[in-house]
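> Given the sequences, and given the hints that come with them, work out the whole structure.
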Amino acid sequence: MLKYVIKRIISMIPVLLGVIVIVFTLMYVSPGDPAALKLGTEATPEAIAQLRAEMGLDRPYLVQLGDYILGVITRFDLGESYRTGAEVSAEIVGRIGITLKLAFISMAVGSVLGIALGILSAVKQYSFIDKIMTVFALFGISTPSFWLALMLILAFSVNLGWLPASGSYGLRYWILPCATLGYQAAGIIMRMTRSSMLESIRQDFVTTARAKGQTEGKIIVRHVLRKALIPIITAIGNQFCYLLGGAVLVESVFSLPGLGKYLVDGISNLDFPAVTSSVLVIALISVVVMLVLDILYSFVDPRIKATYQGDALFKARKKALKEGGEVAHDSKQ
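The working numbering puts the first residue of the sequence shown at 1, with every later residue one more than the last.
Keep in mind that the hints were calculated from the coordinates and are not lab data.
Honestly, I wouldn't trust all of these hints.
[Said to hold, decoys possible] Quick list of simulated restraints, FRET-style, between CB atoms: (1) Ala-108 x Thr-25: 32 to 38 angstroms; (2) Pro-14 x Lys-131: 44 to 50 angstroms; (3) Met-12 x Gly-66: 16 to 22 angstroms; (4) Leu-17 x Arg-59: 41 to 47 angstroms; (5) Ser-268 x Val-21: 18 to 24 angstroms; (6) Ile-132 x Val-264: 31 to 37 angstroms; (7) Ala-86 x Thr-25: 20 to 26 angstroms; (8) Lys-124 x Gly-66: 56 to 62 angstroms; (9) Lys-131 x Leu-62: 53 to 59 angstroms; (10) Val-93 x Phe-128: 46 to 52 angstroms.
[As the list claims (entries may be wrong)] With a straight-line Cα cutoff of 30 angstroms, these simulated BS3-like cross-link-like pairs (lysine-lysine) come out: (11) Lys-212 x Lys-124; (12) Lys-124 x Lys-218; (13) Lys-227 x Lys-124; (14) Lys-227 x Lys-7.
Predicted model, so just to flag it, every value in this text is computed and none were measured.
We put the CB at the ideal spot given by N, CA and C, even for glycine.
Next up, the structure:
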């Protein structure tokens, strides 16, 4: 298991390097000049050229990319923001907490709602309740997050006046953003829970449990749901990574000072270090989440843990047999 984790950590390196190269390249080829954008429309060409030299924008593409990657690897330096001149790492540290808070709360809401409705839909298959749950899930899956956010603001902030439309000054300010992302996550998780539960509920162990006289609730929770957890956990992990990206638009709509809004502002101002570093941090969190999910699988399903242990035992036996054969060969000589 430890060797597997080490291999996965090593495999993260080329993924993150690829993210840096792709995002930095896209920002580099984007139309516009960060120096001209920072100085304004009335800036002289001499002033723009001087600022470009100070920002290092007059250097070749490969030199800029290499300096950025070298700074990240050797000094964990994410560069300075073209827009504010502040350290990007400090900006990200001050904002990542809001984005993670939004993602975790939304994921909790989506997981609880999605799993509960998925179980209900699977137990009541083809009933009127199942049809309602299906419409609920399909609407959540297909609705764009920014449109849903605007509709919630229009309904609960503008028309009813129950909740604030922007800011992050208390619990009430988090209800609409978390409801927006949580509803979308609930749709995906609900569909995955339903399909996984239906696949498990038709297997022979369910018939055996019913024949033993176990209650239907106990069968569903302790046997069927546990058997169906692997796809559900995968859906939850994928949705958490999606929520980190979806937070970009939601934070902008609700004016939350998180990493997503920082990323959008960086794109608007062609702030190469801010955009590249923000995407890099989101990618890093995503690959770490997927690694945690792979480790969690072994605790949810003992067969996966046995596979890791069996591979290690097989390799140990093979090594022992090989060493024993060499010893026997030497003794004959």
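> The structure should be examined with respect to each hint, and the outcome stated for every one.
Consistency of the hints with the structure:
| no. | hint | in the structure |
| --- | --- | --- |
| 1 | Ala-108 x Thr-25: 32 to 38 angstroms | holds, 36 angstroms |
| 2 | Pro-14 x Lys-131: 44 to 50 angstroms | holds, 46 angstroms |
| 3 | Met-12 x Gly-66: 16 to 22 angstroms | holds, 21 angstroms |
| 4 | Leu-17 x Arg-59: 41 to 47 angstroms | violated, 20 angstroms |
| 5 | Ser-268 x Val-21: 18 to 24 angstroms | holds, 22 angstroms |
| 6 | Ile-132 x Val-264: 31 to 37 angstroms | holds, 36 angstroms |
| 7 | Ala-86 x Thr-25: 20 to 26 angstroms | holds, 24 angstroms |
| 8 | Lys-124 x Gly-66: 56 to 62 angstroms | holds, 59 angstroms |
| 9 | Lys-131 x Leu-62: 53 to 59 angstroms | holds, 57 angstroms |
| 10 | Val-93 x Phe-128: 46 to 52 angstroms | holds, 50 angstroms |
| 11 | Lys-212 x Lys-124 | holds, 23 angstroms |
| 12 | Lys-124 x Lys-218 | holds, 16 angstroms |
| 13 | Lys-227 x Lys-124 | holds, 19 angstroms |
| 14 | Lys-227 x Lys-7 | holds, 28 angstroms |
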